[in-house]
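Participant: Sequence:
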Amino acid sequence: MHRLFVALRPPPAIRQWLLGLMGGIQGARWQTDDQLHVTLRYIGEVTTPVAEDVAVALGTIRAAPLTLRLNGVGCFDKHDRPNAVWAGVAPHEAITALHRKVDQALIRIGLPSEGRAYLPHVTLARLPRSAGPVSGFLADHAALAGAPFEIGHMLLFESHLGSEGASYDAIGRWPLRS
Numbered sequence: 001m002h003r004l005f006v007a008l009r010p011p012p013a014i015r016q017w018l019l020g021l022m023g024g025i026q027g028a029r030w031q032t033d034d035q036l037h038v039t040l041r042y043i044g045e046v047t048t049p050v051a052e053d054v055a056v057a058l059g060t061i062r063a064a065p066l067t068l069r070l071n072g073v074g075c076f077d078k079h080d081r082p083n084a085v086w087a088g089v090a091p092h093e094a095i096t097a098l099h100r101k102v103d104q105a106l107i108r109i110g111l112p113s114e115g116r117a118y119l120p121h122v123t124l125a126r127l128p129r130s131a132g133p134v135s136g137f138l139a140d141h142a143a144l145a146g147a148p149f150e151i152g153h154m155l156l157f158e159s160h161l162g163s164e165g166a167s168y169d170a171i172g173r174w175p176l177r178s
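Quick note on the working numbering: the sequence shown kicks off at 1 and runs consecutively.
Among the hints, erroneous ones may be present.
To be verified - Below, computed lysine to any residue pairings styled on SDA-like, alpha-carbon distance capped at 20 angstroms:
id, residue 1, residue 2
1, Lys-101, Gly-152
2, Lys-78, Tyr-42
3, Lys-78, Gly-152
4, Lys-101, Lys-78
5, Lys-101, Asn-83
6, Lys-101, Gly-172
7, Lys-78, Arg-116
8, Lys-101, Gly-165
To be verified - Simulated restraints, written as ranges between beta carbons of each label pair:
id, residue 1, residue 2, range
9, Thr-48, Ala-142, 41 to 47 angstroms
10, Ser-130, His-153, 33 to 39 angstroms
11, Leu-19, Asp-169, 33 to 39 angstroms
12, Ala-170, Gly-24, 26 to 32 angstroms
13, Pro-175, Ala-143, 30 to 36 angstroms
14, Gln-104, Ser-130, 37 to 43 angstroms
15, Ala-13, Ser-167, 32 to 38 angstroms
16, Pro-112, Phe-76, 34 to 40 angstroms
17, Gly-20, Ser-167, 42 to 48 angstroms
18, Arg-177, Ile-107, 19 to 25 angstroms
19, Pro-11, Pro-112, 22 to 28 angstroms
20, Gly-110, Arg-29, 31 to 37 angstroms
Source of the hints: derived by calculation from the structure; they are not laboratory data. All figures in this text were calculated on a predicted structure; none of them were measured in a lab. Note that CB positions come from ideal geometry on N, CA and C, so glycine has one too.
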């Protein structure tokens, strides 16, 4: 089985800037450079033939390169407890349109729709139950506003879960072009 997701990778300078923001939440598991991405579509566990179909479907998508910027921070909650902090990605329209194209291509090969609202973001940290409060980090970085950056391709990643968290391998790359 292959645990897959489709994502965009910010350029190295943006990733370095994000790494410099990390800190200030006791017990947080901060992401590494290799883990920083913007998920377009989580796929989950699939067999090798389905993974091959995913690759073919992604190759059919036509979309122009994106100009994005980081904008604000937030956190996801699970059972009324923060479990991740993130940096937002703007503008929403272009990246949301690409998300829909990816979702539709995967639906055409028989995968279910993602089914949840899409919020473009870069996860900065995972928060175990023992993590300290996030309010200080969120307040300190509420006005986060990054320089625009261009994304010229999307990637298919395979995720491997381990005792230190997830590691990701890019197993496919498709250029964004009109």
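Participant: Each hint needs a verdict: does it hold in this structure or not?
Facilitator: Outcome of the hint check:
The hinted pair formed by Lys-101 and Gly-152 meets the criterion: a straight-line CA distance of about 16 angstroms does not exceed 20 angstroms. Of the supplied pair hints, the one linking Lys-78 and Tyr-42 holds, its CA atoms being roughly 18 angstroms apart against a limit of 20 angstroms. The hinted pair formed by Lys-78 and Gly-152 fails the criterion: a straight-line CA distance of about 33 angstroms is larger than 20 angstroms. In summary, the hint linking Lys-101 to Lys-78 is not supported, as the alpha carbons are separated by about 28 angstroms, beyond the 20 angstroms threshold.
Straight-line distance between C-alpha atoms of Lys-101 and Asn-83 comes to about 28 angstroms, which puts the hinted pair past the 20 angstroms bound. Straight-line distance between C-alpha atoms of Lys-101 and Gly-172 comes to about 17 angstroms, which keeps the hinted pair within the 20 angstroms bound. Using a Cα cut-off of 20 angstroms, the hinted pair Lys-78 and Arg-116 holds, with the two alpha carbons roughly 14 angstroms apart. The straight-line distance between the Cα atoms of Lys-101 and Gly-165 is roughly 29 angstroms, outside the 20 angstroms bound, and the hint therefore fails.
Against the hinted window of 41 to 47 angstroms, the Cβ-Cβ separation of Thr-48 and Ala-142 comes to about 44 angstroms, which satisfies the hint. As the Cβ distance of Ser-130 to His-153 is approximately 38 angstroms, the hint placing it in 33 to 39 angstroms holds. In this structure, Leu-19 and Asp-169 break the distance hint of 33 to 39 angstroms, their C-beta atoms being roughly 20 angstroms apart. With their beta carbons about 30 angstroms apart, Ala-170 and Gly-24 fall inside the hinted range of 26 to 32 angstroms.
Between Pro-175 and Ala-143 the Cβ separation comes to about 34 angstroms, which falls inside the hinted range of 30 to 36 angstroms. Taking 37 to 43 angstroms as the suggested C-beta distance range, the pair Gln-104 and Ser-130 conforms, at roughly 40 angstroms. Between Ala-13 and Ser-167 the beta carbons are some 23 angstroms apart, a value that contradicts the proposed interval 32 to 38 angstroms. A beta carbon spacing of about 21 angstroms between Pro-112 and Phe-76 contradicts the range 34 to 40 angstroms that was offered as a hint.
The hinted window of 42 to 48 angstroms between Gly-20 and Ser-167 is violated, with their beta carbons roughly 22 angstroms apart. Remark: the range hint 19 to 25 angstroms for Arg-177 to Ile-107 is upheld by a beta-carbon distance near 23 angstroms. The hinted range of 22 to 28 angstroms is not satisfied by Pro-11 and Pro-112, whose Cβ atoms lie roughly 32 angstroms apart. Take Gly-110 and Arg-29: their Cβ atoms lie about 34 angstroms apart, and the range 31 to 37 angstroms holds.
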